[in-house]
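Enquirer: So the chains spell out like this:
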Amino acid sequence: MPIIDVVMPKLGESVTEGRLVRWLVRPGETVEAYAPLCEVETDKVTAEVPSTAAGTVEAILVAEGDVVAVGTPIARLRVKEAEASAAMPSAAPAGAAGSGAPPADGAAPARVGQGAVPTASVPAIGATEARDGRGAAPPASGRTERGGGSLRGRYSPAVRRLLAEHGLDPAAVPGTGAHGRVTRKDVLAYLKRRADAAPATVEAPVHGPTASVHPPREAARAPFDGDVVLPITAVRRRIAERMVESKRTAPHAWMMVEVDATRLVRYRKAVMGAFETREGFRLTYLPFFLRAVTLALREHPRLNAFWTDEGIVLRKDIHLSISVAHDDALYVPVIHHADALSVVGLARALHDLVERTRAGRLRPDDVAGGTFTVNNTGAFGSVLSMPIINPPQAAILSIEAIVKRPVVVDEGTIAIRNMVNLTLSLDHRVMDGAAAGAFLQTVKRLIETFDEATFAV
Amino acid sequence: MAVKTYIEAIREALWQAMERDPGVFVLGEDVGRRGGVFRATAGLLERFGERRVVDTPLAESAIVGVAIGAAAYGLRPVAEIQFADFIYPATNQIVNEAAKIRYRSNGAWSVPLVIRAPYGGGVHGALYHSQSVEKAFTGHPGLRVVTPSNPYDAKGLLLAAIFSDDPVLFLEHKKLYRLAKGEVPEDFYTVPLDRARTVREGDDVTVIAYGLMVPYALEAAERLAREEGIEATVLDLVTLYPLDRAAIVEAARRTGKVLIVHEDNGEGGVGGEVAAVIAETALFDLDAPIRRLTGPDVPAMPYSPPLEAWFMPSVERIAAAMRELARF
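Residue numbers (this note's numbering), protein chains in the order written: chain A, 1 to 457; chain B, 1 to 328.
Errors might be hidden in some of the hints.
[To be verified] Per label pair, the in silico range of CB-to-CB distance:
1) Gly266(B) x Asp196(A): 41 to 47 Å
2) Tyr88(B) x Ala195(A): 57 to 63 Å
3) Pro296(B) x Glu165(A): 36 to 42 Å
4) Ala195(A) x Glu231(B): 54 to 60 Å
5) Arg226(B) x Pro251(A): 54 to 60 Å
6) Arg154(A) x Ala300(B): 37 to 43 Å
[Unchecked claim] Sample of chain A residues with no beta-carbon within 12 Å of chain B, all distances over it, derived:
7) Tyr155
8) Ala164
9) Asp339
10) Ile416
If you are wondering where the hints come from, they were derived from the structure by calculation, not from laboratory data. A virtual CB, placed ideally from N, CA and C, is assigned to each residue, including glycine.
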C-alpha cells in the first residue's frame with residue numbers, strides 16, 4: 001500500500017504559512033477522505049485540514065504549535081493503490097479549504113465575469129510557494145528535531161536584530177537550525193519568500209513599504225523599566241499591515257448623517273420577544289441597518305466598488321464585511337450575497353458568523369470576498385468614529401449608538417427621538433462627496449420612513 | 001611562473017633580498033656551511049660569502065641580540081631560530097629590546113629585523129620540535145608576527161618583512177615546507193604584513209585560521225561543499241599581530257557563524273583575541289556562539305603518533321566542527 005504526503009494547504013490568497021493548532025487524529029488511526037486531520041491557524045482564519053484520501057495515518061510530521069510553510073508535508077497516509085493515484089496531495093486541500101475565495105476578492109481588476117478570474121494563477125502561486133516551502137526546510141534538519149523545541153524560542157543576536165528591523169513575529173519564521181532554532185539564514189529566506197510572494201498577492205498590489213508599519217526604531221521608543229511589551233500576534237500584525245496599507249493607498253474622506261431611528265426602535269421593541277422565542281437569539285439593530293445598506297448599495301453602486309489603475313471596478317455582488325472584535329483582534333467575516341437576504345436572513349447569518357468568530361471557527365471562505373464593510377461601533381457606545389477602509393473596498397460605514405436626544409421635529413416642536421449617527425469613510429479616488437452623500441441619504445430615508453414590509457421579521 | 005614548495009619560496013626570497021640589498025644578511029645555527037637544517041639557506045654561503053651568511057653559536061639570545069644591534073645600525077638582518085621551540089632564551093631581546101627600541105628612542109632608532117622561526121607539529125618532532133610559540137609573542141606592540149600558509153605568501157611576505165623597518169617574527173610551519181606547493185612568481189614582489197586574506201567564500205559558516213590550518217580548513221570546506229552543500233568562507237589571518245580586525249569582522253558578518261582553528265593551545269591563544277574582536281564589533285551579526293577548534297591545553301605535543309594525531313586539529317575534525325556550526 002503506497003504512502004502519500006498530506007501537505008499544508010493554502011488557506012487564503014496571501015497566506016504562505018500556518019500554525020498547526022491541534023491534531024485530530026493519531027498515527028495508526030484510519031481516516032476517511034475529507035475527514036478532518038488537524039486544525040490550522042493562519043493570520044486570517046482557523047481551519048480544519050481535510051484528509052486527501054482514505055487510509056491510515058502513517059506518521060505525523062509537524063508538532064502542534066509549529067508554524068510551517070504552505071506545501072510542507074504535515075502527515076503521511078498509507079492508502080490503497082487506487083486512492084494514491086486519485087489523491088492529489090496539494091490540489092485537494094487547496095480546493096476544499098482554500099482558494100475558493102470568490103472572484104470578488106480575487107485579484108482581478110480584469111473583470112467581474114462569471115468567475116472568470118484567472119484560476120490558472122492560483123495553482124501557479126501555490127506551486128511557487130510549495131516549492132519555496134520545501135526549500136526552506138532542508139531534509140537534513142528533520143522535523144522530529146523541531147518537535148523537541150528546545151531551541152525554538154532562543155534567538156541569536158543576529159536573528160533578534162533582523163526580526164526587529166523587519167518587525168517580524170519570530171514564531172512565524174520556520175526554523176531549520178538545530179532543535180528547530182530559527183537561524184539568520186531562515187530569517188533572510190523568510191524575508192526573501194515574503195518579498196517574492198508579495199507581487200503575486202492580490203490584496204496588496206503595491207506591497208512595497210510594509211516597512212512603514214515599522215518605522216526605524218528610535219531611542220525614544222525603547223521601553224523603560226517596568227514597561228510591558230506585548231508580543232505581536234500574527235493577527236495583530238496582519239491588522240497593522242492592512243490598516244497601514246489602507247491609509248497609505250486610499251485617500252480617506254469622511255461624512256456623517258444623523259438618522260432618526262425612532263420607528264426602528266419601536267418596531268424592534270414590538271417584535272423582539274417573538275423573534276427571540278422563535279430564533280433562539282436576540283434581535284439586535286444591526287440586521288436592520290444591514291438591510292438598509294444593501295438596498296442603498298444597489299441604488300449607489302459606486303460604493304460597492306474598488307479602485308484599480310485600469311479602472312474603477314463596480315461589483316455585481318454585494319458581500320457585506322462585518323467587523324467583529326474578539327480577543328484583542330478584529331475579524332471581518334463576510335455575509336455573502338447580503339442583498340438576497342431579509343432582515344431575518346441577515347440576523348441569522350450575522351449570529352452564525354459572530355458565534356463562529358468567537359469560537360475561532362471561521363473558515364477561509366467566511367472572511368473572503370467582502371465588497372463593503374459595516375462597522376458596529378454603536379456596540380461600544382460610540383457616537384462618532386472615523387473608520388479605516390477595509391482594502392480594497394471603496395467605503396466603510398459605522399453604525400454608532402442609538403441615543404435619545406431632543407430634536408426639532410415640526411415647526412416649533414421639540415421631541416425626544418432615538419437618534420443614531422452613521423459615519424462613512426470613503427476612498428476619494430473612487431467617488432466624491434456627492435455619491436457618498438446620496439448613499440447616506442438613501443440609508444437615512446429607509447431607516448426614518450421604515451417601511452415595515454421592507455424590514456419585516 | 002613555476003610551481004615551488006614553501007621552503008623553495010623562502011629560499012628564493014632570501015636570495016632575492018640579498019641580491020637586491022647588500023645590507024641584508026642571514027645569521028643562525030647551521031645556516032651557512034650546512035645550508036640550514038631545513039635547507040632554507042642552502043647555497044647562500046657559496047653565493048654571498050661568510051660575511052653575509054653567518055654561522056652562530058647555539059645561543060638564541062646572542063643571535064637575536066647581534067641582529068638587533070646590526071639592524072639598529074642600518075643593516076637588514078634575517079636571524080634564524082632553528083626551531084621555534086628554542087626561541088625562549090631570546091625572548092628578552094625580542095620583547096624588551098626589538099619591540100621597544102623605536103618607542104624608547106622616541107622614533108630615533110628602528111630595528112628592521114626579521115626572525116625566522118620554523119614552528120608547528122605533525123612532523124613527529126615531539127616536545128622540542130613541534131611547538132607553536134605564537135601566543136608568547138603576539139600582544140607586544142612594536143613587534144609584528146606573521147605566518148604564511150602557502151608558497152606565494154611565503155616569498156612575498158618574507159620580502160615585505162625584510163624590507164620593512166619594523167621587527168617581524170616570521171613563523172614558518174614546518175609541515176608546510178614540502179607539503180605546500182604553488183605558483184610562485186620569479187620576480188620580486190611583496191605581500192602586505194597587515195592584511196588577512198579571504199581564501200574561500202561561502203554563506204554558511206566562516207572559518208578563521210592561519211598556517212597549516214588554512215589548507216586543512218580549505219580541504220574541509222571543499223569536502224563539505226561537495227558532499228553536503230555547506231559553503232564556507234575561509235579567512236587566512238596571515239598576520240597574527242597586529243590583527244587585521246576589519247577583515248576578521250567582515251568574514252564573521254558574512255555568515256554569523258565563526259569557527260576559529262589553530263594548532264596552538266586554546267586558552268590564551270590567538271583565537272581568543274580573534275573571538276574578542278568579533279564579539280566587540282559584530283555581536284548583532286552573530287547567529288551562533290563563536291567556536292574554537294585548537295590544540296588541547298596540555299603542555300606539549302606528544303611523540304606517540306596516535307597522541308600526536310589526537311593533539312593536531314585534522315581535516316576531519318575541522319569538517320565536523322564546521323558541519324555542526326552550519327546546522328546550528
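Enquirer: Against each hint, give a clear statement of whether it holds in the structure.
Expert: Now for the hints, and whether the structure bears them out:
A hinted range of 41 to 47 Å for the beta carbons of Gly266(B) and Asp196(A) is consistent with their spacing of about 43 Å. Distance hint for Tyr88(B) and Ala195(A): a CB-CB separation of about 59 Å, consistent with the stated range 57 to 63 Å. Between Pro296(B) and Glu165(A) the beta carbon distance is about 41 Å. The supplied range of 36 to 42 Å therefore holds. At about 22 Å, the beta-carbon gap between Ala195(A) and Glu231(B) misses the expected band of 54 to 60 Å.
Separation of Arg226(B) from Pro251(A) is about 58 Å and conforms to the stated range, judged on CB atoms against 54 to 60 Å. Arg154(A) and Ala300(B) have their C-beta atoms about 39 Å apart, which keeps the hinted 37 to 43 Å range intact. At roughly 9 Å from the closest C-beta of chain B, the C-beta of Tyr155(A) falls inside 12 Å, breaking its exclusion from the interface. With a cut of 12 Å on Cβ distances, Ala164(A) falls inside the contact zone with chain B, its closest approach being about 10 Å.
Taking the minimum C-beta to C-beta distance to chain B, about 55 Å, the non-interface status of Asp339(A) holds against the 12 Å cut. The claim that Ile416(A) lies off the interface holds: its Cβ sits roughly 65 Å from the closest Cβ of chain B, which is beyond the 12 Å cut-off.
In this structure, the hints that do not hold are numbers 4, 7, 8, in rising order.
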